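J.: The chain contents come next:
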Amino acid sequence: MTTTLIRGATLPDGTTTDLLVADGRIAERGTAIATPSGARVLDAAGLVALPGLVDLHTHLREPGFEQSETVLSGTRAAAAGGFTAVFAMANTMPVSDTAGVVEQVQALGESAGYATVRPIGAVTVGLAGARLSEIGAMANSRAAVRVFSDDGKCVHDSLLMRRALEYVKTFDGVVAQHAQDPRLTENAQMNEGALSSELGLKGWPAVAEESIIARDVLLAEHVGARLHICHVSTAGSVDVVRWAKARGIEVTAEVTPHHLLLTEDLIRSYDARYKVNPPLRRDEDVRALREGLVDGTIDIVATDHAPHPEEAKDCEWDHAAFGMVGLESALSVVQAALVDTGLLGWSDVARVLSQTPAEIGRLAGHSHSFEIGSSANIVLVDPASSSAFSTDRLAGKSHNSPYLGMTLPGSVRHTLHRGYQTVNDGVVVDAGEVAAAAMGVARG
Amino acid sequence: MARIVLQNSDIARALTRISHEVLESNRGPHDLVILGIPTRGVVLAERIGAQIRQIEPGAPADLVGSLDVTMYRDDLAHHPTRAPQRTRVPSGGIDGKTVVLIDDVLYSGRTIRAALDAIGDLGRPRAVRLAVLVDRGHRELPIRADFVGKNLPSSTDERINVRLAEIDGSEEVSIDLATGAGA
Amino acid sequence: MRHLLSTRDLLRDDAIALLDIAEDMSEVQNREVKKLPTLRGKTVVNLFFEDSTRTRTSFEVAAKRLSADVINFSAKGSSVSKGESLKDTAQTLAAMGADGVVIRHSASGAPQVLAQSGWIDAGVVNAGDGTHEHPTQALLDAFTMRRRIHGDAARGRDLEGVSVMIVGDVLHSRVARSNLWLLETLGAHVTFVAPATLVPVGASTWPVDIRYDLDAALAEVRPDVVMMLRIQQERMNAAFFPTTREYARQWGLDDERLLALRPDSIVMHPGPMNRGLEISSRAADSAQSTVIEQVANGVSIRMAVLYSLLSGDREARS
Ligand SMILES: [Zn+2]
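First to last, the protein sequences are chains V, D and X. So the mapping is simple: this note's numbering equals the position in the first sequence, first residue as 1, plus 2. Residue 21 in this note's numbering sits at position 41 of the second sequence, and the numbers go up by one each step. So the mapping is simple: this note's numbering equals the position in the third sequence, first residue as 1, plus 1.
Okay, chain V solo, but in the shape it has when bound (with noise of 0.2 angstroms):
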């Protein structure tokens, strides 16, 4: 196994120190700690370091969708951007709603090594809506399964969605709802405004995601369960999350970059990059989403990323995909947003990007005050640095990034992964180099 010493880095808390890596964990931290013989040294003056960022909320497409994604090249689209962990939707093919498919996926994370997989279980089999999948099987599987959701979906019946809430609380797990209700958003294009009714583009109303997550609010208070909203986008939405919490109901809320930076006036380019769901949404609901992130109503910034091939954006508005991919570009959007403009310092990233997530779908092993044998998942970024957004940033399949062509702050220099680098001085590592120093970790 190799040892890694990171000299220098700034942590979180604005401090400056050494940690000293061996073993896949964190085991000395000071300032100038002594280079052990045959340790890989990092230089990280002037790097802020920040726990290996955990994704929420990612679509790694496989099985079944590998011309877009797949799970190794997914997970180095997460190192890339300083991910080490990400917990993957349910929305494959077949759907993940059994615990031979969790398993798998999970199973191909292990052997890929550039983060930990973490499978989402489908509340619905098939994610038709209409009875729930083996929960308790995939809850019990090696995938240990604890966030369900039908994301892609709404999970729209009311009693079904009841019925989820209080089952998953038997696993400690949690429902995270994709809040879209399905006949007041039929064919719809773009968030509902003045700007859809110019361009023609079927309205999707903020009411319909609203709605809902009113809704799902009043039943987790019912049956005391822990549910989590995916994708908040909305101010309205801000408010309903704000107010259940005042409530006491135990609520937590994501929302992607993309909401946090991008507006619907991109869509006047018809440019179907820009066609996610939810919608992007008006100025106003930007400015609501990043007071709701400062605020602590909504709890993390997730992805959402969506890869897509070339073809299925190449085209009309109407007949593109969703989705955009958000892995590489997550913390320089986040720090555009969010720190840049002030409103976050580097210990609330940590806490939004890493230590929540975590918290939210009980994942262990992402330390987040670097304490001396923790599970060494560290990034290392270079905040000063800025550049416009290409697709020498992408390491997924998929290149359907928004950001393409625009100047954003900060890059990912380093990501460590249980110990081992997966993106060194910005280069994402060598597949088999990862996959061997994976296998060590899981001997060791």
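Be a bit skeptical, because a hint or two may be false.
So, partial list: chain D residues that the calculated Cβ filter (under 7 angstroms) puts toward chain X [to be verified]:
| hint | residue |
| --- | --- |
| 1 | A57 |
| 2 | P64 |
| 3 | G73 |
| 4 | I147 |
| 5 | S150 |
| 6 | E152 |
| 7 | S154 |
Quick list of simulated restraints, FRET-style, between CB atoms [as the list claims (entries may be wrong)]:
| hint | chain 1 | residue 1 | chain 2 | residue 2 | range |
| --- | --- | --- | --- | --- | --- |
| 8 | X | Q233 | D | D75 | 23 to 33 angstroms |
| 9 | V | E286 | X | L12 | 24 to 34 angstroms |
| 10 | X | V296 | D | D101 | 19 to 29 angstroms |
| 11 | X | D314 | D | G100 | 36 to 46 angstroms |
| 12 | X | R13 | D | H59 | 19 to 29 angstroms |
| 13 | X | D89 | D | S71 | 53 to 63 angstroms |
| 14 | X | M97 | D | R68 | 38 to 48 angstroms |
| 15 | V | T409 | X | D314 | 48 to 58 angstroms |
| 16 | X | G272 | D | D75 | 33 to 43 angstroms |
| 17 | D | R(-17) | X | R13 | 37 to 47 angstroms |
| 18 | V | L406 | D | R68 | 20 to 30 angstroms |
| 19 | V | T409 | X | D265 | 50 to 60 angstroms |
| 20 | V | G48 | X | R13 | 49 to 59 angstroms |
It is worth saying that the hints were derived from the structure and are not from the lab. It should be emphasised that the depicted structure is a prediction, and the values quoted were computed from it without experimental measurement. For glycine and all other residues, C-beta sits at the position ideal for the given N, C-alpha and C.
Since chain V is already given, all that's left is putting chains D and X with the ligand on it; use the hints.
T.: Just chains D and X with the ligand now, with coordinates in the frame of chain V:
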């Protein structure tokens, strides 16, 4: 460096002469139609029409029209899109008439070629004649003018500027070394 | 002008120039020889992903009167209906040497996607895209209004002070949108009258007055122009209004409402009409109606548009 080749009075004299010649060759003002090619040809046509009515008080009142040839040009693709101008044919039409086309400068002959095509789509005149204020040579087509105000041999890198009071506020024809293409 | 995609970004002077060129084209339509040699050697493709014989024919006549070669590429029976992408179709047309593409598509923004794509270098004319815009319809409507109001003195004029009432399914109408932007640019004043279910969300931020009660609106506004929009059969199943009978009673231009109009008000309809639903036969056939003129003017406008897009040097236009 512009050199004036026709002054106010020269232009007036040339138009008077052309008016007389037109009447003479047509043996009077009857079955005559004067069509000016926009922009300055229309002004010249109006002036010639007025002179003809002065010389021959019995000349028809609706004698003068305009013929826009933009849609018939063969060089449209080599220039930014041109705004077409008005075509107006006198109320008697052109069938069986003698049409006298009026333009300010005769150069390559392509404008007149376009005008002949345009006339062909408007009707069947008995004859078509051409009157120009200035003939500067350099024909690219077998076209010649029947009535010429002034022959002005020029080189292709010179520019002929026709200024008429109704459009330009002043009245003269000048010649200068062009920086771009000729007129 | 490189493309004609919408009326929203059409400048006043460009719009008036198009209307003026259409005046010239319209004079050509009254001659015995209706054809001009202007676009000889150019190829115009009518790319219709949505059926519309009327609009396609109008563009076809316009292109042919300018001596362009016309290729009709419609969705029915072609590779387009077999799932060929817009990209592949565009590249095919580019390979065939199309100079202009007239596109009708059910997806809003498809003409803009085509124009921006780089798949094809041709000038693109939007012949109606989804519920977005139908710019040539708005231009021919403005042309029709200008002629009725200013007669032979129409050239160079705008529609300053003209009051236009657009009645019916504004929500799904690209005609209403294109008309609103163009009429606003030309100085007219627009009122939408429709049941609230058929008024687009956010339209209150547009430069338009929105009314629900047609009788009250007609009595108060006394419009110069009443434009009736077509009600599509499929709207009735989507519960935008209870029954066609109720719709006709509330928002149809029936004989009584026709009589209540000012005698010099004009009645317009983009066609095809549902007689007895949004417009009575008497209103459609009255002297105030411009329905037939609109069709004739459509050819003149489309000639003007094709001339403006395709005649000049392409580099100089971009
Ligand atoms: Zn979702």
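J.: Hints first: check each against the structure and report whether it holds.
T.: Structure-based check of all given hints:
no. : hint                                   : result
1   : A57                                    : holds, 6 angstroms
2   : P64                                    : holds, 5 angstroms
3   : G73                                    : violated, 10 angstroms
4   : I147                                   : violated, 17 angstroms
5   : S150                                   : violated, 25 angstroms
6   : E152                                   : violated, 29 angstroms
7   : S154                                   : violated, 28 angstroms
8   : Q233(X) x D75(D): 23 to 33 angstroms   : violated, 50 angstroms
9   : E286(V) x L12(X): 24 to 34 angstroms   : holds, 31 angstroms
10  : V296(X) x D101(D): 19 to 29 angstroms  : holds, 23 angstroms
11  : D314(X) x G100(D): 36 to 46 angstroms  : violated, 27 angstroms
12  : R13(X) x H59(D): 19 to 29 angstroms    : holds, 24 angstroms
13  : D89(X) x S71(D): 53 to 63 angstroms    : holds, 55 angstroms
14  : M97(X) x R68(D): 38 to 48 angstroms    : holds, 40 angstroms
15  : T409(V) x D314(X): 48 to 58 angstroms  : violated, 36 angstroms
16  : G272(X) x D75(D): 33 to 43 angstroms   : holds, 37 angstroms
17  : R(-17)(D) x R13(X): 37 to 47 angstroms : holds, 42 angstroms
18  : L406(V) x R68(D): 20 to 30 angstroms   : violated, 56 angstroms
19  : T409(V) x D265(X): 50 to 60 angstroms  : holds, 59 angstroms
20  : G48(V) x R13(X): 49 to 59 angstroms    : holds, 55 angstroms
The structure fails hints 3, 4, 5, 6, 7, 8, 11, 15 and 18 (numbered hints given earlier, in ascending order).
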